[in-house]
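S.K.: Letter by letter, the chains look like this.
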Amino acid sequence: MNKIYPSAEAALEGVLKDGLLVASGGFGLCGIPERLLDAMRDSGVKDLTFASNNAGIDNEGIGKLLRTKQVKKMISSYVGENKEFERQYLAGELEVEFCPQGTLAERMRAGGAGIPGFYTKTGVGTQVAEGKEVKVFGGEEYILEEGIFADLSIIKAWKADETGNVVFRKTARNFNVPAATCGKVCVVEVEEIVPVGSLDPDAIHLPGVFVQRIVVGAPYDKKIEFTTTREREAV
Amino acid sequence: MNKIYPSAEAALEGVLKDGLLVASGGFGLCGIPERLLDAMRDSGVKDLTFASNNAGIDNEGIGKLLRTKQVKKMISSYVGENKEFERQYLAGELEVEFCPQGTLAERMRAGGAGIPGFYTKTGVGTQVAEGKEVKVFGGEEYILEEGIFADLSIIKAWKADETGNVVFRKTARNFNVPAATCGKVCVVEVEEIVPVGSLDPDAIHLPGVFVQRIVVGAPYDKKIEFTTTREREAV
Amino acid sequence: MSEASKGWSRNEMAARAAKELQDGFYVNLGIGIPTLVANYVPKDITVTLQSENGMLGIGPFPYPDEVDPDLINAGKQTISELPHSAYFDSAASFGMIRGGHIDLTVLGAMEVAENGDIANWMIPGKMIKGMGGAMDLVAGVKKIIVVMEHTSKNGDPKFIPACTLPLTGRNVVDMVITDLAVFQRPDHDSPFRLVEMAPGVTAEEIAAKTTAHYVS
Amino acid sequence: MSEASKGWSRNEMAARAAKELQDGFYVNLGIGIPTLVANYVPKDITVTLQSENGMLGIGPFPYPDEVDPDLINAGKQTISELPHSAYFDSAASFGMIRGGHIDLTVLGAMEVAENGDIANWMIPGKMIKGMGGAMDLVAGVKKIIVVMEHTSKNGDPKFIPACTLPLTGRNVVDMVITDLAVFQRPDHDSPFRLVEMAPGVTAEEIAAKTTAHYVS
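Protein sequence lines, in the order shown, are assigned to chains P, G, L and V.
Read in my numbering, the first sequence has 222 at position 222, and its numbers run on one by one without any break.
Read in my numbering, the second sequence has 18 at position 18, and its numbers run on one by one without any break.
Read in my numbering, the third sequence has 138 at position 138, and its numbers run on one by one without any break.
Read in my numbering, the fourth sequence has 4 at position 4, and its numbers run on one by one without any break.
Same shape as in the complex, but just chain P (with noise of 0.2 Å):
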């Protein structure tokens, strides 16, 4: 069973379609599956809904199918220091459904997890909760969220091996386990393919099991939004 596509585009072929509801990992500009998203873009697939924490940048991430006007739907976070973004979606061209980051974390965790609802107290008596079924435990109400169930995960690890036991790096991680786990089928793009056998069985963040298709997407020029550094003292 090869898991291994020579590039982005081919690790999407057949699976890209006209309003799919795509989970993408990455937080800000941190671990994002930049090659699958310009693959996305270039496909001139369209109408899509991502469920994503962030919509990138100007012509960063999400940013680059927002400004293509691939995008109809977000399903975030945080959607600042986007341009683009704001245009659209003060124009009404772009719909944007605003979830608390943990709701939206535990949303797709539950949908690759056969959870369609669950109960948090995040978001009780705010706009969040309008529309929203609220019940009480304990005495304290709690409003039910629903499980996410994408047709598409797209996420950026560090390295996998050739069965898909992926492992990611400090917090690149982020959104990437849950957004892998929601989708009927998972793509992942690397930094580098091992051996099998070279990852430690009780180190792998994401087994194989989640993993249908794995592309290099190396080298890589990885971008970061803010830069903040200290000085070294003097020796």
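Everything labelled a hint here was simulated from the structure, so no lab data went into it.
Hints may be right or wrong, so weigh each one.
[Claimed, not checked] Quick look at which bits of chain P chain V covers, simulated, 3 or more residues with Cβ under 8 Å:
id	segment
1	90-101
2	118-126
3	186-199
[As the list claims (entries may be wrong)] Residues of chain P placed beyond 12 Å of chain V at every Cβ, according to the derived structure:
id	residue
4	Ile4
5	Asp58
6	Val136
7	Asp151
[Stated by the list, open to error] Partner residues aside, some chain P positions facing chain V, computed with beta carbon under 10 Å:
id	residue
8	Glu106
9	Lys223
10	Ile224
A virtual CB, placed ideally from N, CA and C, is assigned to each residue, including glycine.
With the hints as your guide, set chains G, L and V onto chain P.
M.R.: Leaving out everything else, chains G, L and V in the frame of chain P:
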């Protein structure tokens, strides 16, 4: 902030009380918090409810506290291989709430994640569904299961650093992670405490935020329920 | 009843179930005959076995000097690891199962009903040991194969119009493999169809030993 | 209004918030003034900072040659790792937050109401950027401290009888630290009490600039 205690007894001091709901890790005899269970038995604390996948065997694991009649109720998925359990259960001395294994794991995780209830297909149309709310999502029935919010979590791990970051070994991880998260206080027994900085930050199974107390339980004489082997081919 | 028919042995039933495996499948095998299925995986395909206590990539039983108490399967037997094995916790494990990421499970049963109900966890009046992960597996795995003797020790049919024992799952079974025959259905709205008989077994014998309605 | 009062600077407000830290606390700090709290952790206690994008044990900003695009905080700034750091995914991260495992969070706000409501994520008619993790934090963390200017740029009170802006959380705030004063309540059923004033600030000035009901 010192989390390291000199003995299992010391690690449980001040947190034991009759009638506690205790979440315990382990699957069969694999990865069970033996030292902490011994210390609970010796403490004489009683009327305990255990959320634990199994109930140990006759003189191992929770079986030890069954023998001394310190357990009022078990919330478990499977309780075979335990004659004293059977006797007390059939005599009506012990209450048992059977919970499907995956539902039990998810109920613990939910409790730890602040989720008081979630919907699952598991058990729909069975005795497990009796008395539970049924809800339809996408044309299919699901039942509402509640998160477990324990008073105390006791778990067994492989290594911890001094700040409580924990790693497990192979299939001894099992219920230890979800059980750890759902208690007000989590006490961990480990084979070894390692210096801060010796665990890979990308490979922590249970971050220190979940761990209040640590005790070294070594040396361990780990029990096996069914030793199965194959023959080495002749050279 | 034909005393002449031998039907399939336990190993032959397991081998028959193994024919349902496809390259790349992730599979969970129950205890008993289902465990034997691992011995019949076709050589030209790759199948990864999941153990619900937290492992993907179950290896064979260990050599005597490799036995490790921290490495067991869901039947609590010692096992070994493979190069592509991965460990995870029980919540993650059942996330895989409930979430439909496991392609196939093979389970034993006490009763299967013609509507796909299965009963395999308790007998009223007898000591209840619990359902373990069976309810999660039948609710979550994509394809559910039951392997069981065609009749009970008393000769009573086990593939029946409606389960008499408490259910493990409602309308979940896709295929039933017994020592005498194989029944299958394409989806959960269709009736089971008799698709195969063991050598020397006749359609009449199966009909005589089956009270469930099925299509021939 | 007294033009003479200086009140606390941003750093002084952060330092005041830092006094609420206790040894062993796990803490999430919001963007802006809350981030400065990290600079005032008392030397004799250990506090572990959580970043909701998936990290425990946030270190200081990196040296220029250590900048790593895979290592950022929730404000998307580059940070560094500590020997006891741990990484995890976003679902696990918010499990910690929602599950009440984080002891304290310090957040900014546009409005806080006398009943503990907080509004800090949107202004109707203006571009909405989203709530990020703020709703999860105020719902899940054990103690919620708001650090904000006492009045808006127009001089309007921000600690008010009822929020006018869409809420981030209902009845969640435990403590309010402004440039002029500190308000606190022991539980979510009690009113806020004025517990501290900045040097040179009078109770009268605070009363004049606060429309929320509070106990003096």
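S.K.: Each hint should be assessed against the structure and marked as holding or not.
M.R.: A quick look at each hint next to the structure:
no. : hint    : verdict
1   : 90-101  : holds (count 5)
2   : 118-126 : holds (count 7)
3   : 186-199 : violated (count 0)
4   : Ile4    : 23 Å, holds
5   : Asp58   : 14 Å, holds
6   : Val136  : 14 Å, holds
7   : Asp151  : 20 Å, holds
8   : Glu106  : 6 Å, holds
9   : Lys223  : 7 Å, holds
10  : Ile224  : 5 Å, holds
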